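So the protein sequences, as listed, match chains Y and L.
Residues 1 to 281 in the working numbering are what the first sequence spells out, letter by letter.
Residues 1 to 281 in the working numbering are what the second sequence spells out, letter by letter.
Check each hint, because a few of them may be wrong.
In silico SDA-like cross-links for lysine to any residue, where the CA-CA straight-line distance does not exceed 25 Å [to be verified]:
{"no.": "1", "chain 1": "Y", "residue 1": "K178", "chain 2": "Y", "residue 2": "E152"}
{"no.": "2", "chain 1": "L", "residue 1": "K178", "chain 2": "Y", "residue 2": "S99"}
{"no.": "3", "chain 1": "L", "residue 1": "K131", "chain 2": "Y", "residue 2": "H100"}
{"no.": "4", "chain 1": "L", "residue 1": "K131", "chain 2": "Y", "residue 2": "E103"}
{"no.": "5", "chain 1": "L", "residue 1": "K131", "chain 2": "Y", "residue 2": "F165"}
{"no.": "6", "chain 1": "Y", "residue 1": "K131", "chain 2": "L", "residue 2": "I106"}
{"no.": "7", "chain 1": "L", "residue 1": "K131", "chain 2": "Y", "residue 2": "I106"}
{"no.": "8", "chain 1": "Y", "residue 1": "K16", "chain 2": "Y", "residue 2": "R4"}
{"no.": "9", "chain 1": "L", "residue 1": "K245", "chain 2": "L", "residue 2": "P216"}
{"no.": "10", "chain 1": "L", "residue 1": "K131", "chain 2": "Y", "residue 2": "R190"}
{"no.": "11", "chain 1": "Y", "residue 1": "K220", "chain 2": "L", "residue 2": "E200"}
{"no.": "12", "chain 1": "Y", "residue 1": "K220", "chain 2": "Y", "residue 2": "D202"}
{"no.": "13", "chain 1": "L", "residue 1": "K16", "chain 2": "L", "residue 2": "A252"}
{"no.": "14", "chain 1": "L", "residue 1": "K178", "chain 2": "Y", "residue 2": "T107"}
{"no.": "15", "chain 1": "Y", "residue 1": "K178", "chain 2": "Y", "residue 2": "I151"}
{"no.": "16", "chain 1": "Y", "residue 1": "K16", "chain 2": "Y", "residue 2": "H64"}
{"no.": "17", "chain 1": "L", "residue 1": "K220", "chain 2": "Y", "residue 2": "H188"}
{"no.": "18", "chain 1": "Y", "residue 1": "K220", "chain 2": "L", "residue 2": "L194"}
{"no.": "19", "chain 1": "Y", "residue 1": "K178", "chain 2": "L", "residue 2": "A196"}
{"no.": "20", "chain 1": "L", "residue 1": "K131", "chain 2": "Y", "residue 2": "T107"}
{"no.": "21", "chain 1": "Y", "residue 1": "K16", "chain 2": "Y", "residue 2": "R51"}
{"no.": "22", "chain 1": "L", "residue 1": "K220", "chain 2": "L", "residue 2": "S189"}
{"no.": "23", "chain 1": "L", "residue 1": "K16", "chain 2": "L", "residue 2": "K28"}
{"no.": "24", "chain 1": "Y", "residue 1": "K16", "chain 2": "Y", "residue 2": "A87"}
{"no.": "25", "chain 1": "Y", "residue 1": "K178", "chain 2": "L", "residue 2": "R199"}
{"no.": "26", "chain 1": "L", "residue 1": "K131", "chain 2": "Y", "residue 2": "L166"}
{"no.": "27", "chain 1": "Y", "residue 1": "K220", "chain 2": "Y", "residue 2": "E152"}
{"no.": "28", "chain 1": "Y", "residue 1": "K178", "chain 2": "L", "residue 2": "A195"}
{"no.": "29", "chain 1": "Y", "residue 1": "K131", "chain 2": "L", "residue 2": "D111"}
{"no.": "30", "chain 1": "L", "residue 1": "K220", "chain 2": "Y", "residue 2": "D193"}
{"no.": "31", "chain 1": "Y", "residue 1": "K178", "chain 2": "L", "residue 2": "S164"}
{"no.": "32", "chain 1": "L", "residue 1": "K178", "chain 2": "Y", "residue 2": "Q104"}
{"no.": "33", "chain 1": "Y", "residue 1": "K178", "chain 2": "Y", "residue 2": "P132"}
{"no.": "34", "chain 1": "Y", "residue 1": "K220", "chain 2": "L", "residue 2": "D193"}
{"no.": "35", "chain 1": "L", "residue 1": "K16", "chain 2": "L", "residue 2": "H279"}
{"no.": "36", "chain 1": "Y", "residue 1": "K220", "chain 2": "Y", "residue 2": "I5"}
{"no.": "37", "chain 1": "Y", "residue 1": "K220", "chain 2": "Y", "residue 2": "R190"}
{"no.": "38", "chain 1": "Y", "residue 1": "K178", "chain 2": "L", "residue 2": "L95"}
Derived by calculation from the structure, the hints in this document are not laboratory data.
All values derive from a computational prediction rather than experimental measurement.
There are 2 protein chains.
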Amino acid sequence: MSARILEGRQVADAVKEEVAAAVADIPKEVGLATVLVGDDPASHVYVRSKRRVAGQVGINSIHHELPAETSQEALEDLVRSLNDDDAVDGILVQLPLPSHLDEQRITTLIDPGKDVDGLHPYNLGLLALGKPALVPCTPQGVMRILDHYGIETSGARAVVVGRSFLVGRPLGLLLGLKGTDATVTMAHSRTVDLAAFTREADILVAAIGSAKMIGPDHVKPGATVIDVGINRTEEGLVGDVDFEKVAEVAGAITPVPGGVGLMTVAMLMHNTAVAARTHVG
Amino acid sequence: MSARILEGRQVADAVKEEVAAAVADIPKEVGLATVLVGDDPASHVYVRSKRRVAGQVGINSIHHELPAETSQEALEDLVRSLNDDDAVDGILVQLPLPSHLDEQRITTLIDPGKDVDGLHPYNLGLLALGKPALVPCTPQGVMRILDHYGIETSGARAVVVGRSFLVGRPLGLLLGLKGTDATVTMAHSRTVDLAAFTREADILVAAIGSAKMIGPDHVKPGATVIDVGINRTEEGLVGDVDFEKVAEVAGAITPVPGGVGLMTVAMLMHNTAVAARTHVG
Numbered sequence: 001m002s003a004r005i006l007e008g009r010q011v012a013d014a015v016k017e018e019v020a021a022a023v024a025d026i027p028k029e030v031g032l033a034t035v036l037v038g039d040d041p042a043s044h045v046y047v048r049s050k051r052r053v054a055g056q057v058g059i060n061s062i063h064h065e066l067p068a069e070t071s072q073e074a075l076e077d078l079v080r081s082l083n084d085d086d087a088v089d090g091i092l093v094q095l096p097l098p099s100h101l102d103e104q105r106i107t108t109l110i111d112p113g114k115d116v117d118g119l120h121p122y123n124l125g126l127l128a129l130g131k132p133a134l135v136p137c138t139p140q141g142v143m144r145i146l147d148h149y150g151i152e153t154s155g156a157r158a159v160v161v162g163r164s165f166l167v168g169r170p171l172g173l174l175l176g177l178k179g180t181d182a183t184v185t186m187a188h189s190r191t192v193d194l195a196a197f198t199r200e201a202d203i204l205v206a207a208i209g210s211a212k213m214i215g216p217d218h219v220k221p222g223a224t225v226i227d228v229g230i231n232r233t234e235e236g237l238v239g240d241v242d243f244e245k246v247a248e249v250a251g252a253i254t255p256v257p258g259g260v261g262l263m264t265v266a267m268l269m270h271n272t273a274v275a276a277r278t279h280v281g
Numbered sequence: 001m002s003a004r005i006l007e008g009r010q011v012a013d014a015v016k017e018e019v020a021a022a023v024a025d026i027p028k029e030v031g032l033a034t035v036l037v038g039d040d041p042a043s044h045v046y047v048r049s050k051r052r053v054a055g056q057v058g059i060n061s062i063h064h065e066l067p068a069e070t071s072q073e074a075l076e077d078l079v080r081s082l083n084d085d086d087a088v089d090g091i092l093v094q095l096p097l098p099s100h101l102d103e104q105r106i107t108t109l110i111d112p113g114k115d116v117d118g119l120h121p122y123n124l125g126l127l128a129l130g131k132p133a134l135v136p137c138t139p140q141g142v143m144r145i146l147d148h149y150g151i152e153t154s155g156a157r158a159v160v161v162g163r164s165f166l167v168g169r170p171l172g173l174l175l176g177l178k179g180t181d182a183t184v185t186m187a188h189s190r191t192v193d194l195a196a197f198t199r200e201a202d203i204l205v206a207a208i209g210s211a212k213m214i215g216p217d218h219v220k221p222g223a224t225v226i227d228v229g230i231n232r233t234e235e236g237l238v239g240d241v242d243f244e245k246v247a248e249v250a251g252a253i254t255p256v257p258g259g260v261g262l263m264t265v266a267m268l269m270h271n272t273a274v275a276a277r278t279h280v281g
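Construct all of the structure, not just a fragment, from the sequences and the given hints.
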């Protein structure tokens with residue numbers, strides 16, 4: 001193995017320190033409302049982790065837990081009351097919602113100024129306009145890893161595999177912003193000869209959701225490989241990248257677990273602090 | 001010259017016919033408000049052309065002309081009153097505005113449901129989410145040209161040169177949507193070795209704003225070349241593509257004038273009809 005390991009823990013800790021200092025500097029209590037609907041065990045784990053990290057950085061966590069059979073109307077009423085509540089700077093509605101609920105409607109109902117997940121169309125539109133405000137957490141976490149380890153984006157060829165609105169699309173926009181200046185290719189399941197694209201990448205991001213799909217033949221020697229995938233398999237959690245083999249070829253690589261996954265919660269706290277600072281003016 | 005010429009006129013006429021039929025089918029008068037501030041001669045020409053085409057397709061054009069010294073407040077009041085006016089289905093504020101006015105604030109003030117230019121962050125966000133509603137006119141016009149001439153996007157390599165929020169960025173999102181399925185590379189002024197990217201393109205879009213910047217060495221033989229540039233030079237209006245020379249290499253090419261430029265107004269009418277249909281429910 002020759003690749004440098006890009007440790008998510010290190011970067012996430014740096015972000016959390018920064019956020020804790022920012023929060024301490026805001027002349028009001030900073031509040032993050034978490035909304036959890038139903039009994040999905042993974043969602044419970046994620047929300048618990050978000051609340052724990054909020055506590056670590058001095059953010060007041062305001063938790064709402066609703067039964068799986070909650071109606072669309074009741075959830076919308078809750079979101080509206082959180083929009084109006086000055087103690088709430090950020091609103092996180094944990095996805096996925098039970099299937100009878102309309103996620104898109106709920107996401108769009110959240111006040112864009114409290115949309116700390118960055119998934120409101122208004123916030124995605126600001127990103128497309130080159131004026132990002134609250135940016136989706138996982139792609140923002142990827143950018144922080146690149147920045148932390150001094151990986152040059154300007155003039156680099158970046159290839160993002162996967163075009164989800166949670167990760168791939170916003171990350172493509174971020175990498176191509178003025179000042180970041182990568183030349184970005186968005187590849188996906190319909191791309192013909194994927195390896196021909198990925199082998200040209202200086203920065204290769206895998207966000208497909210398919211275990212170990214990216215192998216050493218997909219990677220240019222010395223490239224930076226960012227693995228956003230988290231796939232549950234018989235051998236445990238694995239990424240979209242075949243870590244052992246790709247680490248022989250890449251110049252730098254994020255592990256799974258211990259890579260991008262740790263960044264998501266840290267950037268959620270960052271967004272909450274950004275929102276709070278806007279709320280105090 | 002070997003390339004097939006992609007005639008904007010033909011496609012624009014097809015769109016206008018389709019819009020006229022759609023407008024005739026809507027059980028109310030369809031209204032497009034045009035707002036022109038100041039004395040910019042090009043803006044006057046553009047708005048006149050938009051009002052004329054509105055008339056051709058049966059859309060009622062409601063025109064507001066304001067002096068160059070109009071205040072931000074007065075313009076915002078006008079936009080608010082147009083938002084509230086049921087006779088108005090679409091609002092077009094002609095850009096650029098005089099420099100003392102805040103374009104971003106005005107664009108964001110327009111009701112997203114009447115934002116027929118598709119430049120409101122909310123509408124750009126819906127596009128980034130893969131759920132386009134009102135889409136910016138010029139990129140949408142490019143997609144219609146490709147569709148009209150049966151140029152396959154699925155599995156194609158598309159390279160868009162230029163990352164403006166008016167054209168390049170939304171066009172990149174459109175080409176990569178599910179169902180359209182091109183593999184899209186966004187190139188720009190900071191791209192290193194531009195020709196290495198453009199020479200791989202099955203579909204090459206030039207939206208840079210630099211006269212004749214794309215020459216035959218940038219183009220793969222047989223590629224489709226779409227020229228979005230409109231540059232005023234001593235030899236008249238020319239595109240971003242060196243048409244005479246590139247037409248020897250390309251398989252298909254849009255001329256300037258007579259190409260993409262004609263599509264923008266046609267797609268504005270299309271968006272106005274889409275908005276009106278939403279308003280009648």
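Now for the hints, and whether the structure bears them out:
no.: 1; hint: Y/K178 x Y/E152; verdict: holds, 14 Å
no.: 2; hint: L/K178 x Y/S99; verdict: holds, 22 Å
no.: 3; hint: L/K131 x Y/H100; verdict: holds, 20 Å
no.: 4; hint: L/K131 x Y/E103; verdict: holds, 14 Å
no.: 5; hint: L/K131 x Y/F165; verdict: holds, 10 Å
no.: 6; hint: Y/K131 x L/I106; verdict: holds, 15 Å
no.: 7; hint: L/K131 x Y/I106; verdict: holds, 15 Å
no.: 8; hint: Y/K16 x Y/R4; verdict: holds, 23 Å
no.: 9; hint: L/K245 x L/P216; verdict: holds, 6 Å
no.: 10; hint: L/K131 x Y/R190; verdict: holds, 19 Å
no.: 11; hint: Y/K220 x L/E200; verdict: holds, 18 Å
no.: 12; hint: Y/K220 x Y/D202; verdict: holds, 7 Å
no.: 13; hint: L/K16 x L/A252; verdict: holds, 23 Å
no.: 14; hint: L/K178 x Y/T107; verdict: holds, 21 Å
no.: 15; hint: Y/K178 x Y/I151; verdict: holds, 16 Å
no.: 16; hint: Y/K16 x Y/H64; verdict: holds, 24 Å
no.: 17; hint: L/K220 x Y/H188; verdict: holds, 23 Å
no.: 18; hint: Y/K220 x L/L194; verdict: holds, 20 Å
no.: 19; hint: Y/K178 x L/A196; verdict: holds, 21 Å
no.: 20; hint: L/K131 x Y/T107; verdict: holds, 14 Å
no.: 21; hint: Y/K16 x Y/R51; verdict: holds, 13 Å
no.: 22; hint: L/K220 x L/S189; verdict: holds, 20 Å
no.: 23; hint: L/K16 x L/K28; verdict: holds, 19 Å
no.: 24; hint: Y/K16 x Y/A87; verdict: holds, 21 Å
no.: 25; hint: Y/K178 x L/R199; verdict: holds, 24 Å
no.: 26; hint: L/K131 x Y/L166; verdict: holds, 14 Å
no.: 27; hint: Y/K220 x Y/E152; verdict: holds, 16 Å
no.: 28; hint: Y/K178 x L/A195; verdict: holds, 20 Å
no.: 29; hint: Y/K131 x L/D111; verdict: holds, 20 Å
no.: 30; hint: L/K220 x Y/D193; verdict: holds, 18 Å
no.: 31; hint: Y/K178 x L/S164; verdict: holds, 10 Å
no.: 32; hint: L/K178 x Y/Q104; verdict: holds, 18 Å
no.: 33; hint: Y/K178 x Y/P132; verdict: holds, 11 Å
no.: 34; hint: Y/K220 x L/D193; verdict: holds, 18 Å
no.: 35; hint: L/K16 x L/H279; verdict: holds, 20 Å
no.: 36; hint: Y/K220 x Y/I5; verdict: holds, 17 Å
no.: 37; hint: Y/K220 x Y/R190; verdict: holds, 21 Å
no.: 38; hint: Y/K178 x L/L95; verdict: holds, 22 Å
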